[in-house]
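*Asks:* Listed below are the residues making up each chain.
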Amino acid sequence: MKKLTKTTFSWRRITESRLLFPIVALSLILLFDFVFIPGFFNIEVRNGNLHGSLVDILRNGSTVMILAIGMTLVIATGGVDLSVGATMAIAASVAGILMNPSALKNEVFFVTDPTYTFQPLWVVISVALLVSVLCGFWNGVLVSYMRIQPMVATLILMISGRGIAQLITNGLRVQITYKPYAYIGQGWIILPFSLYIVAFVFALTWLITRKTAIGMFIESVGINFRSSFFSGINEQKLKLMVYTFCGFCAGIAGLVASSNIRTSDANNIGLMTELDAILAVVIGGTSMSGGRFSLLASMIGALVMQAITQSMYAFGVPAFALQAIKAIVVILVILLYSEQVRGWVRGIGAPQKEVKS
Amino acid sequence: MKRWLGNFFAKNRKFIPMFSTALLALIAYGVGAYFFAGMRNPQVFFNLFRNSAHMLISGVGMTLVILTGGIDLSVSGVVALTTVASAVLLREGVSPGLVILLMLAMGTALGAVMGAFIVKLKVQPFIATLAGMWFARGMCFFISDDAVTINDRVFQIIGKTKILIPGLKELAEAQGTAAPHISIPVVVAFLLLGVAIFIAQYTRFGRTVYAIGGNEGRNEQSARLMGLPVDQTKLLVYTFNGFCSALAGLAFSVFVFSGHGLYAPGFELDVIASVVMGGTMLTGGSGYVFGTLFGVLVLAVTQALIQFIGSLSSWWTKIVIGVLTLVFIGVQTVLSNRKGRRETTQKAKGWQAMPMWQRLALGFSALAVLILAVVSITNQLRPADTTVTPEIAACEMPAFREEEASALIQDGAIIAYHRAGGPDCVDELYAIYPDGRVTGAAGTNTVESQYEAASINQMLATISDENGWFTDEIYSTYHTPCRQCYIHYITISHNGQEKAATAVDGGTDMPPGYSLTLAAIRPFLPAVSPGQ
Chain V
1 MKKLTKTTFS
11 WRRITESRLL
21 FPIVALSLIL
31 LFDFVFIPGF
41 FNIEVRNGNL
51 HGSLVDILRN
61 GSTVMILAIG
71 MTLVIATGGV
81 DLSVGATMAI
91 AASVAGILMN
101 PSALKNEVFF
111 VTDPTYTFQP
121 LWVVISVALL
131 VSVLCGFWNG
141 VLVSYMRIQP
151 MVATLILMIS
161 GRGIAQLITN
171 GLRVQITYKP
181 YAYIGQGWII
191 LPFSLYIVAF
201 VFALTWLITR
211 KTAIGMFIES
221 VGINFRSSFF
231 SGINEQKLKL
241 MVYTFCGFCA
251 GIAGLVASSN
261 IRTSDANNIG
271 LMTELDAILA
281 VVIGGTSMSG
291 GRFSLLASMI
301 GALVMQAITQ
311 SMYAFGVPAF
321 ALQAIKAIVV
331 ILVILLYSEQ
341 VRGWVRGIGA
351 PQKEVKS
Chain B
1001 MKRWLGNFFA
1011 KNRKFIPMFS
1021 TALLALIAYG
1031 VGAYFFAGMR
1041 NPQVFFNLFR
1051 NSAHMLISGV
1061 GMTLVILTGG
1071 IDLSVSGVVA
1081 LTTVASAVLL
1091 REGVSPGLVI
1101 LLMLAMGTAL
1111 GAVMGAFIVK
1121 LKVQPFIATL
1131 AGMWFARGMC
1141 FFISDDAVTI
1151 NDRVFQIIGK
1161 TKILIPGLKE
1171 LAEAQGTAAP
1181 HISIPVVVAF
1191 LLLGVAIFIA
1201 QYTRFGRTVY
1211 AIGGNEGRNE
1221 QSARLMGLPV
1231 DQTKLLVYTF
1241 NGFCSALAGL
1251 AFSVFVFSGH
1261 GLYAPGFELD
1271 VIASVVMGGT
1281 MLTGGSGYVF
1291 GTLFGVLVLA
1301 VTQALIQFIG
1311 SLSSWWTKIV
1321 IGVLTLVFIG
1331 VQTVLSNRKG
1341 RRETTQKAKG
1351 WQAMPMWQRL
1361 ALGFSALAVL
1371 ILAVVSITNQ
1381 LRPADTTVTP
1391 EIAACEMPAF
1401 REEEASALIQ
1411 DGAIIAYHRA
1421 GGPDCVDELY
1431 AIYPDGRVTG
1441 AAGTNTVESQ
1451 YEAASINQML
1461 ATISDENGWF
1471 TDEIYSTYHT
1481 PCRQCYIHYI
1491 TISHNGQEKA
1501 ATAVDGGTDM
1511 PPGYSLTLAA
1521 IRPFLPAVSP
1531 GQ
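Protein chains in written order, with my numbering: chain V, 1 to 357; chain B, 1001 to 1532.
I should point out that these hints are in silico values taken from the structure, not numbers from a laboratory.
Quick caveat: nothing in here was measured; it's all calculated off a predicted structure.
Mixed in with the good hints there might be a few duds.
Unchecked claim - Partner residues aside, some chain V positions facing chain B, computed with beta carbon under 10 Å:
#: 1; residue: I37
#: 2; residue: I148
#: 3; residue: M151
#: 4; residue: K211
Beta carbons are placed, not taken as given, at the ideal position from N, Cα and C, and that holds for glycine.
Next up, chain V with everything else stripped away, as it sits in the complex (with noise of 0.2 Å):
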């Protein structure tokens, strides 16, 4: 949010912030960690790279942050895109046979040459976002051309997307083994890699955003999408653009998933991430009618629930409990989020002599 007086220090500042609620969300949740879980800050360096709970927090949550950064600019239009998950499948199953397309054969199944790819890195890699923004762009056409509503649209691709996925590896897990394309989940500079890609897609969005006009037509888009029109924004191509800018993101949280697990697993890859980056947007603060977002606010939206994640795998909870937990964790943020508590807070740092509007 931009303002045109000087930037002064006030508890005005602060309550306004979007930011507001997510880091006090994120900062609960550590601070619970800190207290009932010994060691969960410990920040170790092996072999100059940093490694710890915190660490594995954010790279285990780096899939999630991206798919997020994509889903808030959907959600901001005041779509949903639920197809993410399968498109995040179709990408790794593109990915995974470009480097080995003789586990279609039967002969040779599985090459086991740590160096051995049958395309160059910089193929696979392209042509598996090339795909998942196709996926995006097909997402696109239905839902701005085609008038058809963002749930259902999005809801047929998530169904048949991976089938189409176990169609490109004709149903069988590929294994990766090249080497490079496994650094991209797995390698270390200091932080984990992933973290440079989240890093870098999100420095791309917020220069596309924020430094363009179009952050503020998506915006505009989202709250009045009448009067935008009225304006002169072409919302069908902007809609297109944001969900195939969706989709190129999926295909990203699909190549670093398919690189951590070093398969390609149709079934499995990116199911059910499609509801935690929507919560992930929802803890940011974007409204699911669309309007005003926040790409910082969503990126610790998905840490929140990592955070989590994480912190109850250290309490050594079960994992049929986890899903209860994140249930009633969701439930506490939806309270925090509700219009009693936050115009609460707002009231905290309201000047009192304004008149309220």
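Once you've looked at the hints, dock chain B against the given chain V.
*Replies:* Same frame as chain V, now just chain B:
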């Protein structure tokens, strides 16, 4: 004639989505009956309802929720929770009638809580019901980890009772086939459907529901200003949906006679899809509860078609369902003449410029062509897929032929390689000798080939020096192999050292040097046809 048809549809415009779905379901069923003789049995038609009774029950409640412009993602969680809770309660000996009442009360309470969140705390319905779904599914696993069977007599009676269709019984007896029947949950579903239609069309509550969602969800404020009890209605709608979800869970549990937290995955999306296909707009305010019946029918016909097509690989099933959903929704969009959009697009382009009857004709003919194409393509695909079907019997993995391997090594071989498994379920034993001779044996087939001794030595040097076979970097690993994976047992003797190691494809535990060794050995292996 075409003018009459055009006029008829123009006057009844609001029924078009529902009619189109009904017609499509009919066409799909007709195409299926044409291609597959089995589908002409009337029991198949009634089975459509029997198998999707729970979806219809849940769809009825979901329609009302969507009509207000909201959404309820928690239905699958509540259904699973109902199945698990009722199974466990019945196992503990609680009377079945009490169990049914408790489950309905639980569902209603859950719905009311979520409705309170949505109405009082102004949480987005998507988020609140998502949290509800996770919470319900999590609670399932607190109750029971594994599936629990329902052995209670009353539930068994409810599930297995066959209600014969009057009139068709005599016909079937004349033909000698079993009399067509439906089950009790189907009757319950239709009763609920009738009640919901009455509520929606003939009560003030129903009018309020339509008013809240009206004008594509933008009407809520106007409804409030009109003095309608908006908050109360929304709360009641979510409560009613909770009740319907619990009832659907009960219908499901008498269908499968067990309860587990993993049941009904993705159920909420199926229900939403069937409601949307039934003509209800997701933004709310327009649609008919009766249409949901046709939406459920469409999904059921799709499932039946896929079952009859037979060995359709599971991924084609998903693609077909996605394509069919797209086709139905596309047709709905083409046929429903939504005036609101005209204001915002610059001019009527493309298909919006065509008169109504042309659009209808085009829409339906394109649809018929598409369905025929899909079914015939899937018919073609059947033989092609049999090579990679998962029907391959699980391979009996033979034990490591240790004595044979060491015998070969004693004989002078430097490498004894036993490979088993793989997609063709082979069991091959190779031996590589220092003079360049390579033998391979599979079953009773043996084959022999000759290579340059120098290349063998070079390969051996690669294995022992570069890959470090005789160092600690190579060790044995094993895990249960996947159906198409190979198991490798390699014994190498070189410079007085002898070392054997096993590994299995398809996992991440194989040491990298091992896979490099495999790659080095592979060019020297002759092809052995698997003997019996």
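*Asks:* Go through the numbered hints given earlier and state which of them the structure violates, listing their numbers in rising order.
*Replies:* Hints 1, 4 are the ones this structure does not satisfy, whereas the remaining hints hold.
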